[in-house]
Every structure is written in C-alpha cells, then in structure tokens.
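A.B. asks: As a plain string of letters, each chain reads:
There are 2 protein chains.
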Amino acid sequence: MKNNLEKLVTAYRNEIDLGLKYLRIPGEPSGLYKPMVYSATAPGKRIRPLLAFLTGEGLGVDHDRLRPAALAVEVLHAFTLVHDDIMDNDTRRRGLETVHVKWDTNTAILSGDGLMALAFRLLMETDADRIRQMGFEFSQAMLEICEGQALDVEFESRLDVTAMDYLDMVGKKTGRLLGLSCQLGALISDADESVAENLNRFGIELGQAFQIQDDLLEITSDTRNMGKSLDSDITSGKKTYPLILVLGGLSMSEKRSFLEFMKINLDNRKAILDVFQQKDIFTKTSDKITQLMNNALKRLDQLPLMATENLQYLVDMISKRQR
Amino acid sequence: MKNNLEKLVTAYRNEIDLGLKYLRIPGEPSGLYKPMVYSATAPGKRIRPLLAFLTGEGLGVDHDRLRPAALAVEVLHAFTLVHDDIMDNDTRRRGLETVHVKWDTNTAILSGDGLMALAFRLLMETDADRIRQMGFEFSQAMLEICEGQALDVEFESRLDVTAMDYLDMVGKKTGRLLGLSCQLGALISDADESVAENLNRFGIELGQAFQIQDDLLEITSDTRNMGKSLDSDITSGKKTYPLILVLGGLSMSEKRSFLEFMKINLDNRKAILDVFQQKDIFTKTSDKITQLMNNALKRLDQLPLMATENLQYLVDMISKRQR
Numbered sequence: 109m110k111n112n113l114e115k116l117v118t119a120y121r122n123e124i125d126l127g128l129k130y131l132r133i134p135g136e137p138s139g140l141y142k143p144m145v146y147s148a149t150a151p152g153k154r155i156r157p158l159l160a161f162l163t164g165e166g167l168g169v170d171h172d173r174l175r176p177a178a179l180a181v182e183v184l185h186a187f188t189l190v191h192d193d194i195m196d197n198d199t200r201r202r203g204l205e206t207v208h209v210k211w212d213t214n215t216a217i218l219s220g221d222g223l224m225a226l227a228f229r230l231l232m233e234t235d236a237d238r239i240r241q242m243g244f245e246f247s248q249a250m251l252e253i254c255e256g257q258a259l260d261v262e263f264e265s266r267l268d269v270t271a272m273d274y275l276d277m278v279g280k281k282t283g284r285l286l287g288l289s290c291q292l293g294a295l296i297s298d299a300d301e302s303v304a305e306n307l308n309r310f311g312i313e314l315g316q317a318f319q320i321q322d323d324l325l326e327i328t329s330d331t332r333n334m335g336k337s338l339d340s341d342i343t344s345g346k347k348t349y350p351l352i353l354v355l356g357g358l359s360m361s362e363k364r365s366f367l368e369f370m371k372i373n374l375d376n377r378k379a380i381l382d383v384f385q386q387k388d389i390f391t392k393t394s395d396k397i398t399q400l401m402n403n404a405l406k407r408l409d410q411l412p413l414m415a416t417e418n419l420q421y422l423v424d425m426i427s428k429r430q431r
Numbered sequence: 109m110k111n112n113l114e115k116l117v118t119a120y121r122n123e124i125d126l127g128l129k130y131l132r133i134p135g136e137p138s139g140l141y142k143p144m145v146y147s148a149t150a151p152g153k154r155i156r157p158l159l160a161f162l163t164g165e166g167l168g169v170d171h172d173r174l175r176p177a178a179l180a181v182e183v184l185h186a187f188t189l190v191h192d193d194i195m196d197n198d199t200r201r202r203g204l205e206t207v208h209v210k211w212d213t214n215t216a217i218l219s220g221d222g223l224m225a226l227a228f229r230l231l232m233e234t235d236a237d238r239i240r241q242m243g244f245e246f247s248q249a250m251l252e253i254c255e256g257q258a259l260d261v262e263f264e265s266r267l268d269v270t271a272m273d274y275l276d277m278v279g280k281k282t283g284r285l286l287g288l289s290c291q292l293g294a295l296i297s298d299a300d301e302s303v304a305e306n307l308n309r310f311g312i313e314l315g316q317a318f319q320i321q322d323d324l325l326e327i328t329s330d331t332r333n334m335g336k337s338l339d340s341d342i343t344s345g346k347k348t349y350p351l352i353l354v355l356g357g358l359s360m361s362e363k364r365s366f367l368e369f370m371k372i373n374l375d376n377r378k379a380i381l382d383v384f385q386q387k388d389i390f391t392k393t394s395d396k397i398t399q400l401m402n403n404a405l406k407r408l409d410q411l412p413l414m415a416t417e418n419l420q421y422l423v424d425m426i427s428k429r430q431r
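Going down the list, the sequences are from chains G and F.
Everything in the first sequence is counted per our numbering, starting at 109 for the first residue and increasing by one.
Everything in the second sequence is counted per our numbering, starting at 109 for the first residue and increasing by one.
The shape of chain G in the complex, shown without the other chains (with noise of 0.2 Å):
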C-alpha cells in the first residue's frame, strides 16, 4: 500500500508540475506573464495539490475532475509567496532570486495579482456542483491569509503575544490553505458538509504543527541557511511559537531585556540556546507539535478508509521531509 501511494504522488507530482508548466499563460505582456511563469513553475513539494487530490481520491471523485482545484491552490500558494517576500524582504525563494528582487517591486506586485487572479480563473474550471461554495471558501481562506500575515507584522512589535495568538495566527497563514485543499477535494465529492469542514480544521492544525516545526528547526539547526533566517527573526522581533514560550512567565521589561540579549548574542548561538535549554522550551514545543499532529490525524478517524490511508501517508511524508 504504502509502496504504491508512494509511486502514485511521484506521479501526481510530475502531473502537477507538467500542468503548471502549461497553464496556457500568453507570452505578451512578458512584463506580466514572465513573472508570474516564473513564479508558478518555481519547484516545490507541491504538499497543496497532493492534498486535493489524495482527499478528493480518498472520497471517490475521478482523478480528472480534480486537477483544477489542485492547480489553483498550487497558484494560490506561488502566489502568497511573491507578495509575502515583498512585504518580508526575502531575497531568495525556492532556490531562486525572489520576484521582487530579479524583476523589481512593482513586477512583482502586478504579476502576484495576475497568479491570484489566474487561481481563481483554474478553480472556476472545476465541474462541481458545489462550485458557488467552493469559490465562497477559495476568497475566505484567501482573506485568512491575508489576516494571518498582518497578524505576523504586528506580532513583531508585541510583547505580550500568548501561545493561543500564535495559534490562531499560524493557523491563518500556514494552516488554511492547507485545509482549504482538503475541503475543496471534499466539495468536489458528495461527501457531507461536515467532513470537508472537518479536513479543513485537519489542515489548519497540521499547518499549526508543521509551523512550530519550523520554528523549532530554525532556532536548533546549524545549518548556516537556517541560521540566518534566525537572524533576521531575532533583528525583526519575530514571535516564535519557543519564544512566546521563553516570554511566557516574565515581566514586560524582563521581556525587553531578553529580546535585547539575543541580538546582543546574535554570534553566539550557545548563549541563547542555553537559556531556552533550561526553561525546557524544546521539550514544551515538541510536546504542542506531537498535541497538534495527533489532533489532526485523529480528524481522519471519520473518513472513509482510504481517504484515511492517504491522508496518513501524505502526512508522514511531509512530517519526515521536515526533519
């Protein structure tokens, strides 16, 4: 079983990535449409779309039927990332220059509203009777986004960011997308309401777990990638799921203070590290990572067996890629 789910998201892969490399995108304007190829075609784990189709699969939809919505989810996603390493001042994205960077802000701004734009065109493609609902989900969780990200930039200047703000906030900017694509491989099917708003709640906690994950690996890791990301996390006030935690129990200028000795301590890591070492941070985070994962599969109780399976697998997968 594993074996063949393991040979089918190869191949789904290779589908996706053929479909976005012929999305019928217009050569003219090249000022628009350059860009926004660039950007689509980027390579990535395309975890979206697989999410799409394995859910859809899992509740008996034809493979065909699905593709549109899991291209649009994929756009969508490309489509965040150029407008979010505007706002962050990212330079580089997927091994490649950023769009803002390689082209210039405004390019960037225009063909990130052109991959939005072309999202929504692709799930409008979808044969569904529930289209309207589908289309109503795809701009909620778009605005989710939207909010997830805004929540992100005002963290940076608060200090008393609680573990549940964080939550939400992840939720929002991480974890939505990746329940919308559950949910939308549900509309597509004639499963109930109730189990496309279950996979929805599925991806959000999944994004939640993977998020701190990210935060966990980002602060542990020596690669000298990750490292520097944890720079300009620590330079820019970025609220970390560890450092919400670190702050947790102390006072406003105890916050201050220690905010103040990680970019004192910017080149050595070891000081810092030994601090959350001693609060126990890495134990706590793990602790909400595996909380949040078991959340999120035990989600997958209610399906169908093999939309279960797949599901499962997908999540394995990501999980080890993560590590």
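Some hints here could point you the wrong way.
Copies of the same chain are indistinguishable here, so a pair counts whether it falls within one copy or spans any two.
[Claimed, not checked] As a list, the in silico SDA-like pairs of lysine to any residue whose alpha-carbon atoms are at most 25 Å apart:
no., residue 1, residue 2
1, Lys210, Glu262
2, Lys363, Leu353
3, Lys210, Glu264
4, Lys428, Phe263
5, Lys346, Glu136
6, Lys115, Met414
7, Lys142, Lys346
8, Lys396, Thr328
9, Lys142, Glu264
10, Lys142, Val261
11, Lys210, Asp196
12, Lys387, Phe366
13, Lys392, Arg377
Honestly, the hints are just simulated from the structure, not real lab data.
Based on the hints, put chain F in the right spot on chain G.
C.D. replies: Chain F only, in chain G's frame:
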C-alpha cells in the same frame, strides 16, 4: 422617464455606499481591515455597480439578486486603485491620501490583496445558475486588467506605440471592468450568451472612449490638479492618445526630440499645445471619442427597450460629468 432614472441612480448610489459601509468586515486585525474599509468606502461615482444594476434590471432581474455582484465589481475596482497607486506612486485618490502614503507600501499590498479576496467572496454570494461562468469571467477580467497595467508601464519606455496598441491597453485597463459589470448583470438574467458578450464589448468601447476623453481633458485643462498629473505623465513618458497621434508620423529621432521638447516646456504649456493644435490633434481625438461612443451605443440596439434606456441614461450621465 429620465427624471425617474435620475432618482433611481441616486437611490442606488446611496444603497451602494451603504452596502460598502456594511460589508461585515471585522475590526481585527486592524492592519488589514482598516485600510480595506478606508479604500472600499472612499467616495466614488459607483459607475461599475450602477452598470451591473441597470443592465441586470433592464434584462428583468430582481434588484436584490444583483447586489452581491454590484458590490463585487466596486470592491474589485477599489483593489485595482490601491495597487495601481503604489505602482504609479500616486499620493492622492478620491480626495484622500492613498493607502501606501497614509500607511505604508506593505499595508497597501496586503489590503489590496484582501480587497481582491473580498470581491470574489461577494461575487460568490450571488444566486445564479451561471455562477461558475460569472466567476470565470470575473477572474479573466482581473487578469486582463493586470495585462492593461503591464502594457501601460511597458509603453512608457517605448516610442513605437500605435493607436491600436493604445486602444488594446485601455480596453483592458479601463474598459474590461465596465464590460464585466454589464456582463455579470446579463449572466444573472436569462439573457443569451451573445447578449452578455455584446455588453462586454459595449463596456470596453465605453472605457476606451472615456479614457481618451480623460487624456484629452488632461492636456487641454487649465486646472492645477490636471496640470500636475500632466507634468508627471510627460516626465514618466506616458503614452496618451493625443501624444500617440502627434508622434505618429515622426521618425524615431524626431519622436525623441519631441518628447524632450515637452519635458523642457513643462512650464510653457502653450508651446506644447500649439504643436498639438497645428497637427489638428484635438479634432482627431474628439472624432475618435465620438466614433467609439457611437459604436458602443449602437450595441444597445440589440437589447430590450428597458436595458437600452437604462444604459443610455448612464452613458449620458457619465459623459456629462466628465466634461
């Protein structure tokens, strides 16, 4: 008849303003929603939702069923303004500071994205059999608006822009959204496919006519506001319709000289106007406006009487306001 239509338009405008005010946009995160509300409720002529209402009703649709689509096109319009203002570096819009000036560029990018998502969500509230096609046309129009913006920017650095290139560009940048507004009204009704497409063409030609009229007013107007915007058009190399006609018969080096001549004479408007006058550009431009307007109005002959009267009235009203 006209008198009643006048009252109706005023009533609908109030309704649209109220609709925009009560969009059920949450308060938090304020970094996203405050600028969204600010842009969506900024004063405006509400041409696009009026087109949707008057087209749809003229084709027999109940007023209430048109509301979500009418609000959707206005919110989509607000989105384009927020992002265009960043790209064009405009500081004022609809009598207010632009979002990227009042807040910052990141906020303007994000709240523009939010408006785009909201526009789709509103559209998806429409109760219509052809909702899938409406969603497809909506996103296709959005993509064409992006194309128009990309072409407008591209033209700034080009000397070989023809009148046809220009018409294609403004047809996309300005006309397509007017066309879409009519088209959605028709798609909610039980009118034929061909009626919807004909109305789309009507909107495109109308947009082309209005945009050329804008270009003409900008160069002939004496008001300080218009003058400033002409200065920035000349400096950036913007290809307006009258300018394209002036450049039409010239060699490459003559074109360069003339653009240089305009830059040098920014404060000597008369010297510039004299050249346009000598070449009879203002008459030729007016003739083109009349021709496009007549083409547009001729398309209304194919509609039921009520739709024709509604749209003729609206065209009349907009033309007068622009003069």
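A.B. asks: With reference to the structure, classify each hint as holding or not holding.
C.D. replies: The hints, checked one at a time:
1. Lys210 - Glu262: Classified as between: cross-chain Cα gap 17 Å, same-chain 28 Å, threshold 25 Å.
2. Lys363 - Leu353: Result: close within a single copy only, 11 Å intra versus 65 Å inter.
3. Lys210 - Glu264: between (27 Å within a copy, 20 Å between copies)
4. Lys428 - Phe263: neither (30 Å within a copy, 50 Å between copies)
5. Lys346 - Glu136: Cα proximity of Lys346 and Glu136: across copies only (19 Å, versus 39 Å in one copy).
6. Lys115 - Met414: Close inside one copy (16 Å), not across copies (61 Å); limit 25 Å.
7. Lys142 - Lys346: between (33 Å within a copy, 23 Å between copies)
8. Lys396 - Thr328: within (16 Å within a copy, 67 Å between copies)
9. Lys142 - Glu264: between (34 Å within a copy, 19 Å between copies)
10. Lys142 - Val261: between (29 Å within a copy, 15 Å between copies)
11. Lys210 - Asp196: For Lys210 and Asp196, the Cα distance is within 25 Å both inside one copy (15 Å) and across copies (20 Å).
12. Lys387 - Phe366: The answer is within: 13 Å in one copy meets 25 Å, while 72 Å across copies does not.
13. Lys392 - Arg377: within (20 Å within a copy, 71 Å between copies)
Against the hints set out earlier in the document, a violation occurs for number 4 only.
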